[in-house]
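Chemist: Using the sequences plus the hints, can you model the full thing?
Chains as they are written, first to last, in the numbering used here: chain L, 5 to 457; chain D, 5 to 457.
Don't read these hints as lab results, they were simulated from the structure. Every value quoted in this text rests on a predicted model; they were computed, and no experiment measured them. There's no promise every hint is true.
Any copy will do: because identical chains look the same in the list, a pair fits if it lies in one copy or spans two.
As the list claims (entries may be wrong) - Each computed SDA-like pair below joins lysine to any residue, with the alpha-carbon atoms no more than 20 angstroms apart: (1) Lys30 to Thr64; (2) Lys265 to Glu138; (3) Lys195 to Gln164; (4) Lys282 to Ser356; (5) Lys282 to Ile370; (6) Lys195 to Glu63; (7) Lys16 to Glu51; (8) Lys231 to Glu261; (9) Lys194 to Ser166; (10) Lys231 to Ser279; (11) Lys194 to Gln164.
There are 2 protein chains.
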Amino acid sequence: MQFELTREFVEKLKDLISLENAEEVKGLIDGLHPADIAETMEELSLEEAKYIYLLLDGETASDVLIEIPEHDRKKFLKILPPEFIARQFIEYMESDDAADIVGELDEEVQQEVLKEIGDIEQAGDIVDLLEYDEESAGGIMAKELVSVNENLTVQACLKQISEQSEEVDEIYYVYVVDDADILKGILSLKKLILAKTNMKISNLYNDDIKSVTTEAPQEEVANKMEKYDLVAIPVVDSIGRLKGRITIDDVVDIIREEAEKDYQMVSGITGDVESSDKVWQLTRARIPWLFIGLLGGILGALVIGNHNETLTQLPKMAFFIPLIAAMAGNVGVQSSSIVVQSIASGAKDIESISHKLLKEFAIALITAFVFAVLIYIFNYFYSRDSMQLTWAVAVSLFIVIVFASLFGTLIPLLLNKLKIDPALATGPFITTMNDILGLFIYLVVGNIFLNLF
Amino acid sequence: MQFELTREFVEKLKDLISLENAEEVKGLIDGLHPADIAETMEELSLEEAKYIYLLLDGETASDVLIEIPEHDRKKFLKILPPEFIARQFIEYMESDDAADIVGELDEEVQQEVLKEIGDIEQAGDIVDLLEYDEESAGGIMAKELVSVNENLTVQACLKQISEQSEEVDEIYYVYVVDDADILKGILSLKKLILAKTNMKISNLYNDDIKSVTTEAPQEEVANKMEKYDLVAIPVVDSIGRLKGRITIDDVVDIIREEAEKDYQMVSGITGDVESSDKVWQLTRARIPWLFIGLLGGILGALVIGNHNETLTQLPKMAFFIPLIAAMAGNVGVQSSSIVVQSIASGAKDIESISHKLLKEFAIALITAFVFAVLIYIFNYFYSRDSMQLTWAVAVSLFIVIVFASLFGTLIPLLLNKLKIDPALATGPFITTMNDILGLFIYLVVGNIFLNLF
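Modeler: Here it is as structure tokens:
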């Protein structure tokens, strides 16, 4: 019952598949949860996975298909005929999953699959859902839900639920609507079970409902459900008509994906990769940011080349180049990631940008002062012979930390204002920019102190 | 109904509180969701927040208290007498929230609060829960749940549910147990509603249950609920007796927290801070990693100082110090964060460590080759006068990228084996280490090429 994926299990399965022993393969995977089958399939080749798919019943096969990662699924759907996709997968799915799958297909295949769907109402639902932006509430909602008219009695309501509930996996709330299908409130199953059968729904439901509109971005949906601890949220159109509902399991996936995206951005990885991906996928995900880093390094070399006479006069300045660059980079990443995280968490923030910058300025001044003093003390002993160097390193470290902090805060805020993902400003981008800025400041300040003393 | 926090609202509230106009303050916050009141309170001073608390009824006050961030709550609980905490907050809470709050109090205050709780059974539940590790399933579960004996009929079951359900906020599943309280299966409310009243529970329930034991770490709970799309999961002891249940809203918080922790780690921030925190809190969170960066920079200066003769003979080598250091840092962060993320996602991974390292080695070789060639081409034109430099930079960049990748992969894997949070190895730590390593390799290789040509 508690499945654990082991290398032995995968090996055994691969052997049985290569022997085309359908009976024993079935025996191994029978009774496994679709999520476990999906996890197992990720360890198999495309052909091996296909072999298993053909052994599964439609219900299980469609559940497994939803659980495997998108890029594997796309490859897999490519090798299957449209009528198989429609009959073996789509017809068993709830509308949100079905729309996701259809949306992943090529334009022409989409049309063919839609034509092959037997249930015209389901095909209509899918077409409706495909019209919404993929990352909006409309794009992630399911159309299947249990709704009842506010004028019904509990008894009539229970009857209606039993009719509607066949196509819904799990009921968390019953939605109450008026004659125009406008959402009026929600009713928990608990309340319904405990109520007398002749009571009217209008006297039972809770009208303090949290809902989202179809256009709401998915992050807003996630933040709302998280804030109000909701298991499902109804989706309404602009005049309040009930259009669908979003359940927490989809939102958990969104929260995880958003967090992973920001994490990968700050670590300089492009695209959605996992350690189990192929070598070339992982390499491709890493090269773009490294290339920017290389350009930054070349620019840095040019900056130093331009100030070569300073280094010639005070060669020991080269010793502290890595220190200045590293501090600039670290400070910048810290500042930017605090901003990005506060934007991502969706925490309502009534601090103005100027207030934020002012605060960051205060933090920067304290930090800069602390580290400038520390490095001054170090150099006071280590570089006794050159007070010019001691002063140049300390003063430029101070300036560098202040600038790196302000840039790190300002750039993601600006990107956000411009509706560009602020997470772009974290990681290698801000590090590289601050590296160069830091070098420039260091060499200019060094030059000033050379001429001062 | 859809509340939005504005600066005007907060200003108005502050004014009314300073005028001690209880009537109008109540009017403003009445009907707001506890999560909205909590959000508003974060903008108020401790005294202002206290004023509002005293106006709230116990039910709302306790819901608000759970919603505010832990460090604010701790400060707030410090200024309240134990009997107030027990009577106004704890008695209205479910056991998991109550145990969290009591767990946050100082040892002596804890005892006093427990004594003041009127319901001895609730006090017992809290004491039971406090014995579990805070980050285990036992530590996050609630004891309130609806369970029925497998031998009951649907009718008897419904009656028992209505008795038990008073103390449970929301019922998602009914747990079915045998006479020894061993968990046998679950029953969805949907099935219960649709079943005939004289049917036996033992014929209705689903025995394919996912559960966790009380000792399971919270990450395992989160991964399991996410993988199997569960809204609630039962918690059992080592012999399978039903002990409690964990609901998805608590797990969503855990997923968010874990992701934020890893994100802050990779960006070099210590402790749980938000952009809205005070200047000194934010500064304190940033200084530790910067200090390590500073030590790294100083070590870097010493490494360069030790190889000073190489720089004196080939001064242009200094130009490429930032490039080498930056590439080493970026590559290391990329490698480590891919490993950390795969560990955190809990994705079952049957690749062995040696296989991972081999794969990383392949990625590193390709990446290193690409960038070594690029920088060779650049220097072929830019540093025409010195083929020594051109070769030294390209060859050391190659070696540095390979080493940085392997370290970046190996260190988090090792930390994980040693049961230390592998996220510690991302961000400034790996950057700093790789900076120094990179410098060392660069100068040694430079020296070799100086003597070769």
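Chemist: Now tell me, hint by hint, if it's right for this structure.
Modeler: For each hint, the structure was consulted:
Within a single copy, lysine 30 and threonine 64 get their C-alpha atoms as close as 12 angstroms, which meets the 20 angstroms cut-off; across copies the closest is 53 angstroms, which misses it. Taking CA atoms no more than 20 angstroms apart as the test, lysine 265 paired with glutamate 138 passes inside one copy only; the shortest distance there is 17 angstroms, against 29 angstroms between copies. Taking CA atoms no more than 20 angstroms apart as the test, lysine 195 paired with glutamine 164 passes in both settings, with 16 angstroms inside one copy and 14 angstroms between copies. Taking the shortest Cα distances, lysine 282 and serine 356 sit within 20 angstroms of each other only across copies (15 angstroms), while inside one copy they are farther apart (45 angstroms).
When the C-alpha separation of lysine 282 and isoleucine 370 is checked against a cutoff of 20 angstroms, the pair qualifies only between copies, where the shortest distance is 13 angstroms, while the shortest distance within a copy is 46 angstroms. In the homo-oligomer, the alpha carbons of lysine 195 and glutamate 63 lie at most 20 angstroms apart only across protomers (19 angstroms), although the nearest pairing inside one protomer, at 32 angstroms, exceeds that limit. Taking CA atoms no more than 20 angstroms apart as the test, lysine 16 paired with glutamate 51 passes inside one copy only; the shortest distance there is 16 angstroms, against 66 angstroms between copies. For the identical chains of this complex, lysine 231 and glutamate 261 are neighbours both inside a copy (18 angstroms) and across copies (14 angstroms), given an alpha-carbon limit of 20 angstroms.
In this assembly of identical chains, lysine 194 and serine 166 lie within 20 angstroms of each other by CA distance both inside one copy and across copies; the values are 15 angstroms within and 8 angstroms between. Proximity of lysine 231 to serine 279 under the C-alpha cut-off of 20 angstroms is restricted to the inter-copy arrangement: shortest distance 18 angstroms between copies versus 32 angstroms within a copy. Taking CA atoms no more than 20 angstroms apart as the test, lysine 194 paired with glutamine 164 passes in both settings, with 17 angstroms inside one copy and 12 angstroms between copies.
No hint from the list above goes unmet by this structure.
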